[in-house]
Amino acid sequence: MKYLMLIYGNEDVWNSLAPADLDALIGAVDAFNEALRESGELVGVEGLIPRPRSVRMVQDAVVVTDGPYLESKEFVGSYFAVDVDDEQRALEIARSYPGLRYGGGLEVWPLMEHGGGEL
Amino acid sequence: MTQDERVEDVLRSLAPQVLGILVHRHRDVHGYSDFARCEDAVQEALIAAADAWPRTGVPEHPLGWLSTVAARRYVDLVRADSARERRERAVLDATPPDALVAPAPDEEPVRDDLLELLLLCCHPALTASSQLALTLRAVGGLTTAEIAAACLVPEKTMGQRISRAKQRLREVGARFEPPPEHEYEQRLHVVLHVLYLMFNEGYSTSAGSELRRADLTRPALHLVRRLHERLPESGEIAGLLALMVLTEARSQARTGPGGTLVPLAEQDRSRWDSAAIAEGVDLITQTLATRPLGPYQVQAAIAAVHDEAPSTEATDWPQILALFDVLERLAPNPVVTLNRAVAVGMVRGPNEGLALIGELESGVLAGSHRLLAVRAHLLEQAGDRTAAATTFQEAARMAGSRPEQRFLLRRAAANRTT
Numbered sequence: 001m002k003y004l005m006l007i008y009g010n011e012d013v014w015n016s017l018a019p020a021d022l023d024a025l026i027g028a029v030d031a032f033n034e035a036l037r038e039s040g041e042l043v044g045v046e047g048l049i050p051r052p053r054s055v056r057m058v059q060d061a062v063v064v065t066d067g068p069y070l071e072s073k074e075f076v077g078s079y080f081a082v083d084v085d086d087e088q089r090a091l092e093i094a095r096s097y098p099g100l101r102y103g104g105g106l107e108v109w110p111l112m113e114h115g116g117g118e119l
Numbered sequence: 001m002t003q004d005e006r007v008e009d010v011l012r013s014l015a016p017q018v019l020g021i022l023v024h025r026h027r028d029v030h031g032y033s034d035f036a037r038c039e040d041a042v043q044e045a046l047i048a049a050a051d052a053w054p055r056t057g058v059p060e061h062p063l064g065w066l067s068t069v070a071a072r073r074y075v076d077l078v079r080a081d082s083a084r085e086r087r088e089r090a091v092l093d094a095t096p097p098d099a100l101v102a103p104a105p106d107e108e109p110v111r112d113d114l115l116e117l118l119l120l121c122c123h124p125a126l127t128a129s130s131q132l133a134l135t136l137r138a139v140g141g142l143t144t145a146e147i148a149a150a151c152l153v154p155e156k157t158m159g160q161r162i163s164r165a166k167q168r169l170r171e172v173g174a175r176f177e178p179p180p181e182h183e184y185e186q187r188l189h190v191v192l193h194v195l196y197l198m199f200n201e202g203y204s205t206s207a208g209s210e211l212r213r214a215d216l217t218r219p220a221l222h223l224v225r226r227l228h229e230r231l232p233e234s235g236e237i238a239g240l241l242a243l244m245v246l247t248e249a250r251s252q253a254r255t256g257p258g259g260t261l262v263p264l265a266e267q268d269r270s271r272w273d274s275a276a277i278a279e280g281v282d283l284i285t286q287t288l289a290t291r292p293l294g295p296y297q298v299q300a301a302i303a304a305v306h307d308e309a310p311s312t313e314a315t316d317w318p319q320i321l322a323l324f325d326v327l328e329r330l331a332p333n334p335v336v337t338l339n340r341a342v343a344v345g346m347v348r349g350p351n352e353g354l355a356l357i358g359e360l361e362s363g364v365l366a367g368s369h370r371l372l373a374v375r376a377h378l379l380e381q382a383g384d385r386t387a388a389a390t391t392f393q394e395a396a397r398m399a400g401s402r403p404e405q406r407f408l409l410r411r412a413a414a415n416r417t418t
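Protein sequence lines, in the order shown, are assigned to chains A and B.
Under my numbering, the letters of the first sequence match residues 1 to 119, in that order.
Under my numbering, the letters of the second sequence match residues 1 to 418, in that order.
Pair ranges (Cβ atoms, derived):
(1) B:L231 / A:I26: 50 to 56 Å
(2) B:Q167 / A:L91: 24 to 30 Å
(3) B:R269 / A:L48: 48 to 54 Å
Calculated directly from the structure, the hints in this document are not laboratory data.
Where a beta carbon is used, it is the ideal one built from N, C-alpha and C, also for glycine.
Bound-form chain B, shown alone (with noise of 0.2 Å):
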């Protein structure tokens, strides 16, 4: 690791607490504090430390230097923000209550903010990209320019949602506290959904973008082990790392030369990272026998049996379709549908996937080209090697991404070749 990407791990590591600190000195008697202020004093501390550090080296106590700066920054930001007749005033809201009995900044106690931090900016009020964006720069303490590189979007754009979304928080009166019991379990399955589609996002993107893959999976698995050393408890958190750890152990096997997809079937399994599997499959292994079972835990046993698998034939098929059958009761949707097809296909024969997905043609996900691969796999697998081209050109023809097309365009040439 480079001295770059040490100090920006430590920055990561500390943007979530050091909001924390903030945001909690600077409530106000009904409990309320300026987020988006605090947010901003935060970004402009990180910014500073990610100036000097690298130059002066890692101070002694991070957490200190950086808090201490974030305060002072937030003062500047209250006194440019008030109009000159209000400037008295704003210094003296400025002033944390307890500013007299505040502990020096390398005794502040370390708080752990985390959840509390996610809760507030995977606000429902938000749309999901606000959610996204919000949870990167606040909690991953990622900049800006950072976040709209990984979605590829203007830097202007990236800004103006962020500050949209803090605005939103601001209108809608949230807090910065644990919901409600009984929103409790919904708000956080709304989190899990962030990070979740903050890690596929980053997982899916392969030709050219190493870079933005790092961005996006690095913050999200890091946020949800945080979140499990908070939470051990939660199954479902836990059952979400194991995913990211076990799908991300395949990552370095997935991008052939040029950026191409490789697919499962073939990869160099020998290039999967068997430390990563090895603490994926503990993890959920453990966790399936002590607690309530969830979704993302069933999903994170599949990725252990393929993990566990020397080969795609060597693949224990059936315990993989058993587990589909569990995930279709558990969370019933057309995508889990579609995969069951496939182990279908492997366990009970190609035509039993076939007719699986003939049950999905009048559905959503009627013409897309996620169920035309499988069908187009299955007819492959059928050995119907004219209709399989036909049907993954269709499938090729309709593809959500440049890599995806051109995987396959090749699954198509392969079949009309003799």
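Isolated chain A (complex conformation) (with noise of 0.2 Å):
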């Protein structure tokens, strides 16, 4: 089973790490990666620049402007996917990951397959 691990961050936070703490975090977070990649269960995984487009239908029209601004102070800076047994593992390498003791949060999404049972 496929899941995608939304990753939350908080800029204020981010930005008032001690050099040695955002260091050490960045190392953690290689580490992990490493680890997922090894155990042949990353799918993938990125970072998101922060400067989205929203596409719209605007009367009759496709519009794309900037934005989303985020309000929240949370959003999403990357994310990736797992291909685990089932969802206590995908539980717990979300769990696991390094950024939550940062400040960070986790939303962890199943992914649709692409077959279907018998109906």
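Both chains come to you apart, so use the hints to assemble them.
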């Protein structure tokens, strides 16, 4: 089963970290990713650049605008996807995400499969 | 069948034999062999054959060709792996103890190590997804790229998963030999479950991935068939084979235009494979009469009743319900109860079916799209279209796959129109 992990960051928290803490966090996240890569569970991991565009229908036209501007302090800063045996394992991975200890948050979304059971 | 497909078939059926030969030849005095290295060598031999044979034709002794090439690759791998100062020793290690009396490649006795290989690949120390991946590669003869494509993960991820699985086997000291008597039944059960998952994974796939479907259902069917030949006395292997054959027989009718799922009730039964149905029905009838009963046999019997019916209405539902009663006693689980509720609905009316699934509302299936879909189906049958539409919609929201979601949305819409 595949799960998408959305990682919420908080810029205020990041920007207030002491250099040593920041290095520790970056090192821990790299090691975390590497461990998942080695276990053969990591499907992909990317950071998001906070320069989103919004694409919507306005009246009868498709309009692209800057934004959405983030009103809340927390927003999705990166994601990773895993392919694991069950939800328990997905949650175990989520709980061990190092960023949590630094004030981030994480959402675990099961991904749809491409087939279907007997109907 | 094209030449490429023929080559592929030959390779897949010979892969476990080549691996068995290599693992046997390179056992040390304690019976241990470097399974991981043997497997890598076989994999390289398979790739070499897949490259050469479509151009040159399949050689006269394909097994000899493959085991000779694999043995050479094995030696290469040992050499490459070894530190310079240990090279001499390594070359010695790579020489089989019986090298001087080893038979010529085309005289290699045909061994049947399929069962031992399957037991090793489905070792309980491995996670389910690793068991599946390793079985596909070591026994199914698929390349890492093919397995990755079939499981929809990057090739690198799959490569890592397979090498981690092999490393794990080494760590736990897994040996290439039958497990002790008291573990045998349980270990065989794991093997059958992995093959069942492999088949299901392929079977349940539809939209736009025809390739993926065949990639998994074919090796699963092939392996269970070979296992049945090796252990014809096992009722559950025969049952699993019959179940797969009877399920595969309906596969052509199961996908509509654009990869939509066609449910059993709406399938064009003239597109079912009658030869396969006859084979499956024969097999399960014979097995049920002569072997101790098991869950795969009962599931095959249920599939047989469906396959022999000309339509949903003409299906022998009391028979299906009786079989579900047996299955629930043999292997109680909420999914079986849920399926039984559909049969209860057909035999004793939708309200009885609804009462039965009421009991599941507090269990592990609570809120799942499967439970909601069956509830909606029974509500529709009871004539409560408004509740059916809402429930189908809820089921669609929780659906685990896109084709299922589309199907459920369609049913919701159908119940909203007057």
